[in-house]
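Asks: Residue numbers (this note's numbering), protein chains in the order written: chain A, 1 to 479; chain B, 1 to 380; chain C, 1 to 176.
Because the hints were derived from the structure by calculation, they are not lab data.
Fair warning: there could be bad hints in the mix.
Which bits of chain A does chain C cover? Going by a derived footprint, with three or more residues having C-beta under 8 Å, they are [unchecked claim]:
#1 59-66
#2 110-119
#3 125-136
#4 139-149
#5 193-206
Partial list, derived from the structure: chain B residues whose beta carbon lies under 10 Å from chain C [to be verified]:
#6 I146
#7 S152
#8 A156
#9 L160
#10 L163
#11 L164
#12 W167
#13 A168
#14 G182
#15 I185
#16 I186
#17 G204
#18 L206
Pulled from the structure, derived: some chain B residues nowhere near chain C, Cβ distances all over 10 Å [as the list claims (entries may be wrong)]:
#19 E29
#20 G88
#21 A94
#22 L233
#23 I314
#24 R335
On a predicted model such as this, the values are computed, not experimentally measured, just so you know.
Don't be surprised by glycine CBs; every beta carbon is placed ideally from N, CA and C.
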Amino acid sequence: MSDASSLNLLSLLPEMLVALAGLLVILANAVGRDSADGAHRWISLLGVLSALWFTLNPLATGAAMSGTAVHDGLAMAGNTVILAVLLLLLLGGESYLKSRRIPLAEYHSLSLFAATGMMSLVSAGDLVTVFMGIEVLSISLYCMAALLNEEEGGREAALKYFLTGSFASGFLLFGMALVFGFTGTTNLDAIAHSLTSLDTDNWMLIGGALLMLIGFLFKVSVAPFHNWAPDVYDGSPAIVTAFMSTAAKAAAFTGLARVFVPALGEAADAWIPMLALCAALTMILGNFSALVQDSFKRMLAYSGVAHAGYLLLGILAASSDSAHMASVLFYLLPYALINGVLFLVGAAISRQRSGKNLLDDFKGLAADSPLLAILITVCLLALAGIPPTAGFVGKFYLFMGAVDAGHVGLACLGILTSVVSVYFYLRVIVYAWFHKAPAGSAPWTPLDGGLVLVTGLSALLLLVLGVWPNLWLSITATI
Amino acid sequence: MKAAWITTALLALHSLSAARDWTQPTLAERAAEAAGRSPWESAFWIGLGLAGTLAAMTLLGLSLVYAERKIAARFQCRLGPTRVGWRGTLQTLADTFKLISKADLVPRDADRLLFFTAPWLVVSGMLLALVNIPASPLLFVVDLNIGLLFISAVGALSVLGILLGGWASNNKWSLLGSMRAGAQIISYELSLTLSLLVIVLFTGSLSLGEIVQSQQEGWWLWRGHLPAMVAFLVFVIASTAELNRTPFDLAEGESELTAGFHTEYSGLRFALFYLAEFLNMFIAAGLAATLFLGGWMPLHIAGLQTFNRVMDFIPPLVWFGLKTGGLIFVFMWLRWTFPRLRIDQLLKLEWRFLLPLSMVNLLVAALVLLLGVYGKGGPA
Amino acid sequence: MRPSDPFFYLFALLALGLARACVCSQHLLRATLYLAGVLFCGAAFYVILDAEFLAGIQLLVYIGGISVLLIFAIMLTRGPDLLKDRPSPLRRNLALALSLSFMGLCSFLVLRTDWPAALPAEPHENPVRDMGVRLLNPGEGGLLLPFEVISVLLLCVAIAAIYLARPGSGEERPLS
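All chains should be modelled from the sequences, with the hints used to inform the complete structure.
Replies: Dropping the structure here:
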């Protein structure tokens, strides 16, 4: 840990670049009015690319602003995932934004501000920063979910997201207050330090930790707090769903890891049973609910819930040996890329067929566009965890970590439910390759080039990481 | 106990004489100090504060209404009240008795609970603000260390009362009037607070007592240079709007809404609304005098020893009265001179002009403070 | 027993009663008034705890801001006969059980805790100034970064509010 009292502004450069890009988007909109539509995208791209560059090649690391932010390996990995998703959506989402007439300035600025919040959450060194980061990302996402509020389900999704989200924030804040009351500090390092000397068998601490945990579990949609996720994912614009199910989840998971593993690690006895129970429940409920879905978006939503359960296994492992944190961070990147791509591509394909995001829309895809069918197959296989994709490696590390930490039963449950999940992922693949398009469907028009490009790149990355996991593991393991 | 009576008598005399010692304890401080010694003395000071505030409220209410009527008459080439008492001075007292003895009407479909609560909310908001106003070093009930914040905060009670009163009357004019009043007060609250912050910036304190003390070397209106003058103007305009007085009286424009939110009120409850309106004007003027014109501090001009000495002989209460009275006259002058604004003009004035102006002004004030170019003797 | 104790119990009782009235009222606007009362009691608690600044902020934000906003929203959206539908007995009992269990949890936490790190009560010469300095201090113990993040938050809220309120983004258009 570097000098805690130093300002260390340079380490905050990625956050500042993203926030600056968001401000410039608003300004461009104010100055250029309607003629600035292209500018939003270019400003965002420039901001995200430069932030990504400075994340991977940081000018400075360590604690910044008297320890309210810490740029370590965890922050670096988390920021990379968030920025990668943002980049993916910027490159591949243009046609979606145009076709659904989503207001560009609002979309771009809010997504950049949401990313600012996520990045402050990921690199938070203080409970206050954690909370502010979560609030910024949540508020932006509430509004982004309502960007198409005239459509059926749009308002419902936004309102549901808002209500459950603010409920979760309440839990989180109350828990933070109790932990602050117990330790007398909000700084994460100081909390960890004070817990080594205090008696952790204290109800205020346990209550605080559990309430905070509930808040976080709401945000990452872990059962039994997952009920909002399918409705919200279904009702929001696909590009927003792609963003909130990936980047927001990655940020919340990194924040959860940051608050619980290092800071409240001494009190692990208090929260591990609840986390283990939730993980088991999530894996079962998520996978079995996904089996019976007809909507592609809802299927992916439940699969996302199930994956949150797998990721919780990683957190459980990390609580006994923090080296296992790398497995959580490793899996976040392939998970985020696949979901980001699948929501976008699914919306584009569905648009040509029923327009309702049904699984049936994938029927006959291979005949119309073999390349896209191959790419989607790779993504779905990776999500199911089949080698040689990064999904397999990621799940392997997660389950291995759980076994190492002594949660053998949970690891077995994870493997079993993964086998169940193969069914619903394969269903899409089978529809795409072995079914004919429904009679009377419109002729196929090729998808937007940018979308195919990011899908291809993601599929390629999944395969590369599946074979050489060290490319990304070496970054996540530097914690 | 005897000492308390004597102190009170001295206090009354003292407030009229030239007080050289400007750091007297407030009534609340006296009560707190006496609490350990004798609870009765403590209770005495608290009671004195309450009684004084109520007396001040009554007297101010009576005289302000009389002044408004007389001044309005002058502006309109009339005489105003002349019959009751010497030159009509007892007219408002007579009107008060008339109001209190009137039948207390409640509309049949009104929400009785809210209808009865609303005027008391408005009055309690006004009273809570009134006790913070330092009228002289001795006539000062409470000096909260968050004084300014407190005054803007309890203003919220008045807004609440106006909104609920208008709604509970179950009358569309009342409803429209209260909505207009609420929207207007909330909008102008922004620039009002921003102009207050300029002075907070200069003094580094929210306590009204300290703000007055900080003006020993000169009033902030002069010492604060341009930002303080701009803030003063913004404050006067915004508080006129907060008070719903012409030219910002859309909320009760009689030609449009009969009487706005208190259309359905009569008798005592109407009197309470009416009283609160006038006392709020006094509070706004008193606040402006305290923040920008040195409160009860006498006028000093650097270098003129004799002049300053003479000024010191005028009692602080008179200084405060003169400044506040002058500002109240300005409010009345505005009322009887300008025509009413339209709603779009009113909103444009706030959001397009006053708010950006006061934001820039606050920045300039911060710059002035940083560069240290405001008048000498400021806080370190 | 400290001199402030009777006031604490007075306001606590008042807050409880008002909170119950707020939840059970069939009348939306009255419920708002009761809510404002509960929030006012919160400000009173802050005063009892010698946190005058927080009390002022509570009044300013919650009564001047939130309550007034709620009243505006009710006045603009609904007629006088509000909340005609009474909640079903199942929902009422469920809500009661849920809130009682949360109360139980809180009381349990408070009663079972042996408050270890009670903060030393440092007298503050000028608490408002200390608070401001701490919020804007990039150095030790300062919270400048979260403070800056708040500005991003407020910007997001402003954009979101303007977008959602803009005519054309909803079904109903404003009258003007």
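Asks: Among all the numbered hints in the text so far, which are the ones the structure does not match?
Replies: none
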